[in-house]
Structures are given as C-alpha cells and as structure tokens.
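J.: Single-letter residue listing:
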Amino acid sequence: MSQPSEPPVDAPAVTAVPLPEVKLAATAGKKQNKKKVEEVVEEEEEEYVVEKVLDRRVMKGKVEYLLKWKGFSDEDNTWEPEDNLDCPDLIAEFLQSQKAAHEAGGKRKPESEPEGAGAGAGAGAGAAAEESRPKKRKDEPEKLRGFARGLDPERIIGATDSSGELMFLMKWKNSDEADLVPAKEANVKCPQVVISFYEERLTWHSYPTEEEEKKEDKN
Amino acid sequence: MPTANVTDARMTKFKNKGKEPSKLRERRIAVCVELRKAQRSESILKKRNISSLPDDEALSPEYATDNKEVISIAIEEIICNVNSNSKEQQTRGCQAARKLLSRERNPPLKEIIDAGLLARFVDFLGRDDDPTLQFEAAWALTNIASGTSWHTQQVVENGAVPAFITLLGSPMLHISEQAVWALGNIAGDGPAYRDALIACNVIPALLARLTPDAPVGYLRNLTWTLSNLCRNKNPFPPLSAVQQVLPSLVQLLHLGDKDVLSDACWAISYLTDGSNDRIDVVVKTGIVPRVVALMEFEELSVLTPALRSMGNIVSGSDQQTQVAIDAGVLSVLPRLLRHPKPSVQKEAAWAVSNIAAGPCQQIQQLITCGLLPPLIDLLRNGDFKTQREAVWAITNYTSGGTVDQVVQLVQSGGLEAILDLLHIKDAKTILVILDAINNMFLAATKLGETEKLCLLVEEVGGLERIEQLQNHENDAVYRTAQELIEKYFNEDVEDECFKTEATERDFVFKPAEVDKQFNF
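Residue numbers (the numbering used here), protein chains in the order written: chain F, 1 to 219; chain Y, 220 to 739.
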C-alpha cells in the first residue's frame with residue numbers, strides 16, 4: 001500500500017484500493033473485507049483518487065463516507081470507513097455543506113397552486129371555498145325596494161323580525177306588490193300608518209275582579 | 220252564557236278579542252303567507268334581476284329566457300340604441316346590455332362582444348356629461364371582463380384600461396367604484412395584465428382613493444383589486460409596486476370589516492409566497508403581530524389567509540421565523556392544530572413543520588409553548604394530508620433538535636405515532652418517517668441507548684413494520700428499511716430470534732414515563 005509523502009492539495013490519494021464490485025457486497029461484511037485484501041494484494045500499485053465526499057453514515061459504531069471516485073461514474077460510488085481515508089479537506093468540505101444545508105433549515109415552501117389565469121367568475125374554478133376569487137361578476141340589480149320605490153304607504157299588513165330587525169310588510173297605494181320596510185324607517189316616514197297598525201292590534205286584558213263584578217251586576 | 224250584544228259592534232274592531240279562534244287562525248296564516256311571499260320575492264329579485272318597475276316590465280319576460288333568437292333580437296335593439304345620437308337611447312341600450320350581462324344564468328358575453336358593442340361602451344366611459352351612461356357602460360364592461368381570459372382580452376384590446384383608470388377619479392363614488400371593480404377583474408386575469416396595469420400607474424391612482432371616510436363597500440372593492448395586483452407568480456409583481464402598495468395594505472389590515480381584512484390578508488399571503496427577500500419586504504413593515512392576531516379570528520375568510528401568510532413567513536429564514544415566534548405565533552397555533560376543519564389543521568401542521576426545521580432554540584420554543592401534544596394527536600387522528608405535514612414536523616424536529624429534545628419527543632409518544640404510520644401507501648412519506656427514526660437512533664447512539672430504543676420500537680410493533688418495508692416495491696424504501704435494520708436491529712446476525720427480557724428495566728425512551736431522567 002503506497003502513499004505519496006506529499007499528496008497534491010486538490011487530489012488526495014487514498015490508501016485503500018476500492019473496486020466497483022465491493023459496493024455490491026454491502027450486506028456481507030466479512031466477504032467485503034476478504035475481497036478488499038485480495039484486491040490490494042493483486043493491484044497494490046494502483047491508487048484511486050477521491051473526487052468528492054457525498055454522504056456520511058454510522059455503521060456499527062464506525063463512521064463511513066460515501067465517495068465519488070475521479071474517473072468513475074456515480075454508479076461506482078462506495079462507502080469507505082473513515083479510517084481508510086486521507087482526504088481531510090474533502091471531508092471538511094462535505095461537513096460544511098451539511099451544516100449549511102441544515103441552516104437553510106429543511107424549510108418547505110408552500111405548494112405551488114395552479115393559478116388559473118382568467119378563471120371564470122361564475123364557474124368557480126374548483127378553488128377552496130375561502131380562496132379569494134380572481135374575477136367577480138356584478139350581478140346585483142340596482143333594484144328599488146321599499147320607500148325607494150317612491151310610492152305612498154297605504155297600510156301595514158304585517159310585521160316580522162326574523163331578519164334580526166323589525167320589519168313591516170307595507171301595502172302601497174296604487175300597487176299590488178307589498179314589500180318589507182324597516183320599522184325604523186317607517187316610524188319616521190309614516191308614523192300615522194305605524195300607529196294605526198299598532199292600534200288595530202291592541203288587546204285589553206281584563207282582571208278577575210272586574211269579571212266578577214259584571215256577573216254580580218247582571219244577576 | 221249571557222252574550223253582550225251591545226258590545227259586539229265595538230268588539231269587531233279589536234284584532235283578537237271576540238273573534239272566533241278559527242277566523243283568527245285564518246287571518247294569522249294569511250298574514251304569515253304574505254310576509255313569506257314578500258321575503259321570498261325579495262330574495263328572488265336579488266338573484267334574478269327581474270325588475271318589476273313599470274318601465275321594465277315590458278322587457279323582463281324576454282330577458283329571463285335562454286332563447287337565442289330572443290337574445291339576438293334584444294341585442295339588435297341594443298346595437299340600434301347604442302349607436303344612435305340620443306343620450307336617452309344610448310343609455311337605454313347600454314342599460315339593456317348591462318341587464319343581460321348581469322342575469323344569473325348564461326349571460327351572453329360572447330354575443331355582446333361579437334355585436335361589436337365593446338368599442339362603444341369604452342367610448343361611453345369617457346362621457347363625463349352623462350354619469351348614468353358612464354355607469355352602465357362601466358358595469359357592462361366589468362361583467363365582460365369577469366369572464367375567461369379571452370373575454371378580458373376583448374375588453375382590454377378595446378382600450379378600456381386608460382378609460383377606467385381615468386374613471387377612478389370620477390366625483391361619483393358609484394362610478395369610481397365600478398372602475399375599481401373592472402380593473403380588479405383585469406388584474407385578476409394574470410401576471411401579464413397585472414403588470415400592464417401597474418405600468419399604467421394604476422396603483423397610485425387606486426391608493427389616492429383610499430380615504431378614511433370611504434364607505435365600506437367601496438373599501439371592499441378597493442382592497443380586492445389591490446390584492447389582485449399582488450397576486451400571481453411567474454413572475455411576481457415588480458418589487459417597486461409591492462413597496463408602493465404595502466403601507467396601504469398595512470392600514471387596511473387594521474380595519475374592522477371582515478371582507479376588507481380577508482382580502483388584505485390574501486394580498487399578504489400572495490406577497491409572502493416567494494423567496495425570502497419577498498418575505499423580508501413584508502416582515503419589515505411590522506405587520507407580523509397583526510397577522511398573528513388575525514389568526515385568532517373565528518371567521519374562516521380571515522383565518523385562512525392569515526394562517527397561509529404565517530405559514531409562508533415561517534418558510535423563510537430563521538430570522539424571519541423568529542419574528543413570527545416573537546409575535547406570539549406559537550400561542551395561537553395549538554388551537555389551530557385542533558381546529559375542526561382539516562384544511563386548517565393541515566396548514567397549521569405545515570407551519571409547525573417549518574418552525575421545527577429551525578435551530579434547536581426555536582424547537583425548544585415549540586416544546587415550551589405546548590405544541591408537541593396536539594402535533595402528536597394529528598399524527599394519530601388527522602386526515603392523510605395533515606398527517607403528512609405532521610410527519611415532516613417530526614422529522615425536521617429530530618434533525619435539528621438536541622438529544623434532550625429528541626428524547627422529549629419520544630417520551631411524548633412521537634416515535635410510536637410515526638411508527639404507526641408506516642403502513643401507509645405513500646413511499647415519500649415513509650422515507651420521511653424512516654429518516655426521523657434514523658435521527659432518533661442517532662440521538663440514542665449519543666446516549667448509548669440504542670438497544671433500549673430498539674426494544675421500544677419492537678414493543679410498539681414498529682420492528683415488524685420496518686421489517687415488512689424491506690419488501691416494499693419502492694427502491695429507496697426497502698434499502699432504507701434494510702439499512703435501519705442492519706444498523707441497529709441486527710447486532711447478532713446469527714440469532715434471528717433475539718429477544719430480551721428487559722421489561723423490568725428503566726428505559727429513557729419509554730413514552731409512558733413522565734420522568735425525564737437519563738440513565739447515564
């Protein structure tokens with residue numbers, strides 16, 4: 001196993017001699033060692049140059065690095081025990097890049113949503129109900145209702161507060177179409193009409209004593 | 220029973236007294252029916268734009284039909300009117316077109332375009348002498364621009380944009396508002412028109428209309444249009460435009476109206492959906508605390524974009540994430556992780572996963588603010604998409620966390636929860652889980668407790684699952700599973716029935732224990 005005394009700065013040599021076949025025997029630890037020794041014996045003059053350190057792992061308590069070999073394709077990358085290596089610069093470079101990658105955080109940006117250009121308004125392009133629509137059609141009719149119709153109130157024929165606000169059903173003069181007006185508005189615009197409505201619906205509750213008196217009188 | 224005949228006449232004047240119950244009931248029912256009819260016709264009128272004003276009654280039966288012939292006759296009449304020289308006729312024609320275009324079903328956009336009416340409508344936009352005409356034309360064009368890209372293109376190519384920008388300054392608020400709306404539709408078409416509008420200086424013109432006394436309806440339209448100017452990627456809006464809009468967006472985000480808040484928040488979400496320098500521009504406005512506050516709203520229309528914005532912000536740098544943490548995001552996230560809506564859970568989990576991808580100090584804050592329990596609950600009970608995000612959170616956590624923090628995660632049930640997910644179909648997620656398990660073993664290695672962790676994994680049925688994964692169809696999955704087994708579970712290769720009787724022993728990694736002491 002030869003080793004140059006002063007390895008070139010950018011191409012450190014490795015003492016062990018790996019061959020592509022070695023990586024296939026990954027699961028058979030013992031076999032791997034045997035093969036290596038054989039290779040070394042047979043080809044002890046050849047050295048292989050590490051191009052780059054790609055990854056790191058711990059196998060049975062030992063640190064190993066995944067190496068890219070100069071002049072070989074990525075298919076020939078192999079895991080080598082740390083002790084076999086003499087390329088501290090490449091290892092340091094790898095560890096530094098790991099640190100940087102981790103600082104970038106492993107953050108995941110939002111999923112790209114397919115922003116449909118020109119999504120039709122009414123079509124509702126399958127977006128989530130809360131998504132803001134890219135386009136909106138104006139449907140709202142500028143329809144006049146209630147007092148805005150400019151008609152004269154005739155009579156209130158009903159009342160309701162199901163909308164949360166007290167509303168009167170107003171019959172207008174010269175129209176068969178009654179509609180709802182807010183009580184607040186009617187109280188101001190046609191108070192007499194409102195009063196008539198309430199007066200019609202006044203009820204008197206009689207007291208027991210009064211009744212008894214009446215009966216006695218009759219008798 | 221003596222009947223009081225004298226009082227009968229007076230009695231008839233009272234509403235209820237002296238009347239027969241059946242008659243009273245009849246009358247009550249009649250009034251109720253009238254009320255219901257009135258409410259029903261009110262809501263129908265809102266939907267169908269069938270006006271019952273005397274001058275429109277002649278037209279309404281026609282316009283309610285889908286009959287192509289009827290429509291084309293109507294359009295011919297419109298063309299006639301619109302091309303006349305009389306203001307009244309022009310307005311009548313324009314209004315008729317507007318009504319066709321605002322009806323609920325199948326508004327005849329293409330027919331109106333094919334009739335060559337757009338050019339006239341754009342002319343009408345400039346008729347300051349006749350605001351009604353301007354308004355009807357603006358409305359008609361708005362609705363055409365609300366269609367497909369082709370429809371919007373027709374509007375733009377007829378020169379509507381400069382005319383609408385000018386109309387923004389109309390003294391009539393409803394006309395200005397209509398212009399805002401139309402421009403919103405054009406901007407919303409995509410980045411090309413958005414940038415074209417920006418190049419026409421639409422932003423200063425819009426911002427000039429943002430006054431404190433603007434009515435809320437106007438503000439809503441304005442905010443929505445501004446949000447469309449922030450919308451879309453490939454490319455993003457020009458940075459200069461973003462910087463112009465941001466101060467006003469910040470203002471809008473502090474108002475009370477929910478619709479304004481919602482659209483302003485959507486704008487923020489678009490602006491933060493990008494590279495970290497885009498996020499920076501937003502974060503520097505100091506808006507983050509307000510976004511956190513908006514995440515506490517009940518209304519989904521506000522909550523959703525606020526959560527999305529926050530998720531975007533914490534997908535940025537560690538510093539940007541720290542701004543979010545300092546603003547209190549970790550105190551509102553637990554509730555959102557437990558939100559009844561799965562999409563909210565998912566987005567909250569995604570945000571947590573990105574916070575967990577930060578330095579251990581930020582991971583510590585996750586722990587302190589109680590995010591682990593709800594996160595682990597989601598692993599167990601969330602829907603698949605949510606579980607996937609939660610898995611990422613766990614893996615990121617185990618990758619950046621200190622040994623102590625990883626131990627805490629295991630003790631909180633994190634390991635068991637992810638092991639239970641190994642049966643899922645999605646190979647990518649399985650790989651992420653295996654990554655997390657690997658990281659946990661790395662921590663165990665540092666503590667010298669790998670055996671104990673192995674036992675724990677085995678106990679909860681995890682070993683079986685991992686072993687099964689060795690038969691997975693996906694390359695990376697079975698290789699990773701194999702490596703895992705080899706590294707940690709095959710100390711004695713020969714003995715396949717290796718089992719310990721270590722149930723009595725006190726494990727660091729046993730989740731049931733509250734006690735956090737280590738055994739070394």
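Hints were generated in silico from the structure; no laboratory data involved.
Given the structure is predicted, the values throughout are model-derived calculations rather than measurements.
Backbone N, C-alpha and C define an ideal beta-carbon position, used for all residues, glycine too.
It is possible that some hints are incorrect.
[Said to hold, decoys possible] Subject to a maximum C-alpha distance of 25 Å in a straight line, what follows is the list of computed SDA-like cross-link-like pairs (lysine to any residue): (1) F:K70 to F:K109; (2) F:K109 to Y:T648; (3) Y:K647 to Y:N600; (4) F:K60 to Y:T621; (5) F:K68 to Y:Q701; (6) Y:K604 to Y:V551; (7) Y:K452 to F:E93; (8) F:K68 to Y:R259; (9) Y:K329 to Y:S303; (10) Y:K452 to Y:N420; (11) F:K189 to F:R149; (12) Y:K238 to F:S206; (13) Y:K256 to F:K70; (14) Y:K665 to F:D83.
[To be verified] A few chain Y residues that don't get close to chain F, going by computed Cβ distances all over 10 Å: (15) K236; (16) T385; (17) R450; (18) Q462; (19) D482; (20) V500; (21) Q630; (22) T648; (23) L674; (24) E692.
[Stated by the list, open to error] In silico contact screen, one side only, chain Y against chain F (beta carbon under 8 Å); selected entries: (25) N235; (26) A257; (27) W358; (28) S365; (29) S534; (30) S618.
J.: Hints first: check each against the structure and report whether it holds.
T.: Quick rundown of the hints versus the structure:
Straight-line distance between C-alpha atoms of F:K70 and F:K109 comes to about 35 Å, which puts the hinted pair past the 25 Å bound. A threshold of 25 Å between alpha carbons decides the hint, and for F:K109 with Y:T648 the separation of about 17 Å falls inside it, so the pair holds. Pair hint Y:K647 plus Y:N600 holds up; C-alpha atoms about 20 Å apart against a cutoff of 25 Å. Between F:K60 and Y:T621 the alpha-carbon distance is near 22 Å, which keeps this suggested pair within the 25 Å criterion.
Note on F:K68 and Y:Q701: the hinted pairing holds, with a Cα-Cα distance of about 23 Å set against a maximum of 25 Å. With a C-alpha separation of about 21 Å, the suggested pair Y:K604 and Y:V551 falls inside the 25 Å cut-off, and the hint holds. A distance of roughly 36 Å separates the Cα atoms of Y:K452 and F:E93; the hinted pair therefore is violated under the 25 Å criterion. Using a Cα cut-off of 25 Å, the hinted pair F:K68 and Y:R259 is violated, with the two alpha carbons roughly 77 Å apart.
Annotation: proposed proximity of Y:K329 to Y:S303 holds, straight-line Cα distance about 22 Å (limit 25 Å). Restraint check for Y:K452 and Y:N420: the C-alpha separation of about 20 Å stays at or below 25 Å, so the hint holds. In summary, the hint linking F:K189 to F:R149 is supported, as the alpha carbons are separated by about 13 Å, within the 25 Å threshold. For the hint linking Y:K238 to F:S206, the alpha-carbon distance of about 16 Å falls within 25 Å, and the restraint holds.
Our distance criterion of 25 Å between C-alpha atoms is broken by Y:K256 and F:K70, whose separation comes to about 86 Å. Distance restraint check for Y:K665 and F:D83: the Cα-Cα separation of roughly 20 Å lies within the 25 Å cut-off, and the hinted pair is therefore satisfied. For Y:K236, the condition that its CB be more than 10 Å from all CB atoms of chain F is violated, with the nearest at approximately 6 Å. At the 10 Å boundary, the C-beta of Y:T385 stays outside the reach of chain F, the nearest C-beta of that chain being 20 Å off.
The Cβ of Y:R450 does not lie farther than 10 Å from every Cβ of chain F; its closest approach is about 7 Å, which violates its non-interface assignment. Non-interface status of Y:Q462 relative to chain F is upheld: no Cβ of that chain comes within 10 Å, the nearest being about 22 Å off. Here Y:D482 does not stay apart from chain F, with its beta-carbon only about 6 Å from theirs, under the 10 Å limit. Every beta carbon of chain F lies more than 10 Å from that of Y:V500, the smallest distance being close to 16 Å; the non-interface claim holds.
For Y:Q630, the requirement that its beta carbon stay farther than 10 Å from each beta carbon of chain F is met, with the minimum near 23 Å. A cut-off of 10 Å between C-beta atoms confirms that Y:T648 is not in contact with chain F; the least separation is 13 Å. Once the 10 Å rule is applied to beta carbons, Y:L674 is consistent with being away from chain F; the minimum gap is 18 Å. The claim that Y:E692 lies off the interface holds: its Cβ sits roughly 20 Å from the closest Cβ of chain F, which is beyond the 10 Å cut-off.
For Y:N235, the interface hint holds, since its Cβ comes within 8 Å of a Cβ in chain F; the closest pair sits about 5 Å apart. A least Cβ separation of about 5 Å between Y:A257 and chain F falls short of the 8 Å threshold, and the interface hint therefore holds. Checking Y:W358 against chain F: minimum C-beta separation of about 6 Å stays under 8 Å; hint holds. Hint status for Y:S365 relative to chain F: holds, with the closest Cβ pair at about 4 Å, below 8 Å.
Hint status for Y:S534 relative to chain F: holds, with the closest Cβ pair at about 5 Å, below 8 Å. Given the 8 Å rule on beta carbons, the hint for Y:S618 holds: about 6 Å separates it from the nearest Cβ of chain F.
Comparing the model with each earlier hint shows violations of hints 1, 7, 8, 13, 15, 17 and 19; every other hint is respected.
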